[in-house]
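What follows is each chain in one-letter form.
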Amino acid sequence: MTAAAMPAVPGAPPPATMFQDIWRGISRENPVVVQMLGMCPTMAVTNLVANGVAMGLATTFVMVGAGLFVSLFRRRIANEVRITSYILIIATFVTLADMILAATFPVISKALGPFMPLIVANCLLLGRAEAFAAKVGVARAVADGFGMGMGFTLSLTVLSAVRELLGRGTLFGFGVLGPRYEPWVFMVLPPGGFFALGLLLLAVAWVAGRRRRLEATA
Amino acid sequence: MSNLAWIFVSTLVVNNFTLVMFLGLCSFFGVTAKVETAWRLGIANTLVLLLTAVSAWVLNTYVLTRTPFLRTVAFIVVIASGVQITEMAVRKYFPVLFRQLGIYLPLITTNCAILGLALFQTSRHYTLVEGIVFALGAGFGLTLALSLMASIRERMELADVPAVARKMGLVLIVASCLSMAFMGFAGMGTSQ
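Sequence lines, in order, name chains A and B. Under my numbering, the residue at position 196 of the first sequence is numbered 217, and the numbers go up by one with no gaps. Under my numbering, the residue at position 153 of the second sequence is numbered 163, and the numbers go up by one with no gaps.
Among the clues, some could well be false.
Said to hold, decoys possible - Chain B side only, calculated, beta carbon under 10 Å to chain A, not exhaustive: (1) T82; (2) A84; (3) T120; (4) A185.
Claimed, not checked - Below are the SDA-like pairs computed for lysine to any residue, each with C-alpha atoms no more than 20 Å apart in a straight line: (5) K177/B with V228/A; (6) K131/A with P78/B; (7) K177/B with V55/A; (8) K177/B with G230/A; (9) K156/A with G86/A; (10) K177/B with L221/A; (11) K131/A with R134/B; (12) K177/B with R234/A; (13) K177/B with A229/A; (14) K177/B with R163/B; (15) K131/A with H135/B; (16) K131/A with T132/B; (17) K131/A with R81/B; (18) K177/B with R231/A; (19) K177/B with R232/A; (20) K131/A with L210/A; (21) K177/B with A226/A; (22) K177/B with L220/A; (23) K177/B with G219/A; (24) K102/B with P116/B; (25) K131/A with S133/B; (26) K131/A with V74/A; (27) K177/B with R49/A; (28) K44/B with L168/B; (29) K177/B with A224/A; (30) K177/B with R233/A; (31) K156/A with A37/A; (32) K177/B with S48/A; (33) K177/B with L223/A; (34) K131/A with F79/B; (35) K102/B with R50/B.
Hints were generated in silico from the structure; no laboratory data involved. Ideal placement from N, C-alpha and C gives every residue a C-beta, glycine not left out.
Can you build the whole structure from these sequences, using the hints too?
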């Protein structure tokens with residue numbers, strides 16, 4: 022969690038409709054491309070689309086579950102032990118997600134390895150618990166968790182699709198670019214992760230800047 | 011002995027925690043604007059990594075032998091309280107250092123490098139000594155990556171870059187180049 026991310030929501034968040042609560046995480050406050058939270062899993066598992074999607078969905082599951090329980094117990098948790106309590110709630114859901122994934126998709130579970138339990142240390146989860154779920158009702162907390170999770174999944178899917186397509190010429194393991202494509206191996210290696218996210222951020226900054234210019238001239 | 015040396019070199023450069031394994035990226039991007047803070051945070055992280063390596067070994071050997079599914083929960087609770095204790099000790103005995111580190115000290119809890127160390131140590135079945143060497147290599151590697159990045163970013167302050175790249179875009183491209191440089195060490199041995 023960066024120091025700058027904390028004071029973004031002072032006190033309780035302003036009222037909003039259910040749709041706004043969900044949409045915010047996908048667009049304007051996207052955890053990856055705007056808030057730069059949860060960077061470690063973002064880079065580590067996005068060399069294959071299947072891994073990226075699995076990590077995104079697992080994180081969404083944990084976000085919704087943790088949001089629900091943090092919001093439920095928000096009046097009972099003492100202020101002094103709140104961070105530890107949130108971490109415990111998050112860790113419980115991560116353990117659940119880890120076991121469910123290992124039982125249903127053992128191959129993906131093996132590929133993700135220690136990065137599955139590492140969801141606990143994803144600053145996005147603790148950040149949203151502290152800044153949002155602990156201050157609002159159950160329905161809003163769940164909506165926000167779902168929106169943030171979906172925004173996270175979307176970013177991971179785009180990133181891993183670009184990396185797998187360029188680095189291996191495949192998508193979900195199916196050959197797309199044909200046998201004559203020479204794989205750009207760099208993209209599936211660690212430097213390619215930084216590079217692909219850098220390009221994605223440049224693209225987002227370009228679109229945002231262009232929109233601002235258009236609004237200024239209109 | 012050579013095994014210990016290999017673990018150290020391997021975690022320090024070949025499989026550098028930050029640049030190759032993608033652990034601890036939040037602090038890598040968040041607090042590398044100044045060399046001074048980056049360096050201090052690296053040292054604080056090394057201390058917590060050492061504490062974690064020892065406690066993870068104790069937990070694995072004596073406590074969690076019959077309940078491995080509680081590992082994630084147990085590790086994170088131990089790390090959170092370890093960071094809390096470190097913070098209190100530093101505040102009591104080194105007040106100057108405490109003021110310099112400020113907010114970064116409690117934030118170490120959500121640094122995935124710490125939990126990652128405990129998990130990798132478990133999955134590789136390291137002994138106590140190997141675990142400590144592993145933690146030292148990881149800590150120095152983290153400090154190295156943070157200081158390198160901070161030095162480059164201090165220079166970049168004065169560079170004339172396009173407006174689009176002024177925020178994080180350029181930082182990530184630079185990180186990519188650094189990571190590429192570290193990939194050069196991969197020839198030193200098998201990456202396990």
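Hints versus structure:
1. The closest approach between the C-beta of T82/B and any C-beta of chain A is roughly 4 Å, which is under the 10 Å cut-off, so the hint is satisfied.
2. The beta carbon of A84/B comes within 9 Å of a beta carbon in chain A, closer than 10 Å, and the hint placing it at the interface holds.
3. Interface restraint check for T120/B: the shortest CB-CB distance to chain A comes to about 5 Å, inside 10 Å, so the restraint holds.
4. Annotation: interface hint on A185/B holds; nearest CB of chain A at approximately 4 Å, less than 10 Å.
5. For a cut-off of 20 Å, the pair hint linking K177/B to V228/A stands: about 14 Å separates their Cα positions.
6. Between the alpha carbons of K131/A and P78/B the distance comes to roughly 17 Å, so the proposed pair stays at or under 20 Å and holds.
7. Our distance criterion of 20 Å between C-alpha atoms is met by K177/B and V55/A, whose separation comes to about 11 Å.
8. Restraint check for K177/B and G230/A: the C-alpha separation of about 12 Å stays at or below 20 Å, so the hint holds.
9. About 16 Å separates the Cα atoms of K156/A and G86/A, which keeps this hinted pair within 20 Å; it holds.
10. Between K177/B and L221/A, the direct Cα distance comes to roughly 13 Å. Compliance with the 20 Å bound is thereby established for this hinted pair.
11. A C-alpha spacing of about 15 Å is found between K131/A and R134/B, which places the hinted pair at or below 20 Å, so the restraint holds.
12. Proposed proximity of K177/B and R234/A is supported: the alpha carbons are some 18 Å apart, at most 20 Å.
13. Restraint check for K177/B and A229/A: the C-alpha separation of about 13 Å stays at or below 20 Å, so the hint holds.
14. Distance hint between K177/B and R163/B is fulfilled; the C-alpha atoms sit about 11 Å from each other, no more than 20 Å.
15. Note on K131/A and H135/B: the hinted pairing holds, with a Cα-Cα distance of about 17 Å set against a maximum of 20 Å.
16. At roughly 15 Å between alpha-carbon atoms, K131/A and T132/B fall within 20 Å of each other, so this suggested pair holds.
17. Of the supplied pair hints, the one linking K131/A and R81/B holds, its CA atoms being roughly 17 Å apart against a limit of 20 Å.
18. Taken as a hint, the K177/B and R231/A pair is honoured in the structure, with Cα atoms around 16 Å apart against an allowance of 20 Å.
19. Between the alpha carbons of K177/B and R232/A the distance comes to roughly 17 Å, so the proposed pair stays at or under 20 Å and holds.
20. Using a Cα cut-off of 20 Å, the hinted pair K131/A and L210/A holds, with the two alpha carbons roughly 18 Å apart.
21. Distance check on the hinted pair: K177/B and A226/A sit about 8 Å apart at the alpha-carbon level, within 20 Å; holds.
22. About 12 Å separates the Cα atoms of K177/B and L220/A, which keeps this hinted pair within 20 Å; it holds.
23. Of the supplied pair hints, the one linking K177/B and G219/A holds, its CA atoms being roughly 10 Å apart against a limit of 20 Å.
24. Distance hint between K102/B and P116/B is fulfilled; the C-alpha atoms sit about 15 Å from each other, no more than 20 Å.
25. Between K131/A and S133/B the CA atoms are separated by roughly 12 Å; this keeps the pair inside 20 Å, and the hint holds.
26. For the proposed pair K131/A and V74/A, the alpha carbon gap of about 15 Å is at most 20 Å, so the pair holds.
27. A threshold of 20 Å between alpha carbons decides the hint, and for K177/B with R49/A the separation of about 16 Å falls inside it, so the pair holds.
28. In summary, the hint linking K44/B to L168/B is supported, as the alpha carbons are separated by about 14 Å, within the 20 Å threshold.
29. For the suggested pair K177/B and A224/A, the alpha carbons sit about 12 Å apart, so the restraint of at most 20 Å is met.
30. This hinted pair checks out: K177/B and R233/A have alpha carbons roughly 16 Å apart, not beyond 20 Å.
31. Between K156/A and A37/A, the direct Cα distance comes to roughly 14 Å. Compliance with the 20 Å bound is thereby established for this hinted pair.
32. Restraint check for K177/B and S48/A: satisfied, since their Cα atoms lie roughly 18 Å apart, inside the 20 Å limit.
33. Under the criterion of a C-alpha separation no larger than 20 Å, the hint pairing K177/B with L223/A is consistent with the structure, at around 9 Å.
34. Restraint check for K131/A and F79/B: the C-alpha separation of about 16 Å stays at or below 20 Å, so the hint holds.
35. Pair hint K102/B plus R50/B holds up; C-alpha atoms about 18 Å apart against a cutoff of 20 Å.
Going down the numbered hints, you'll see the structure goes against none, and every one checks out.
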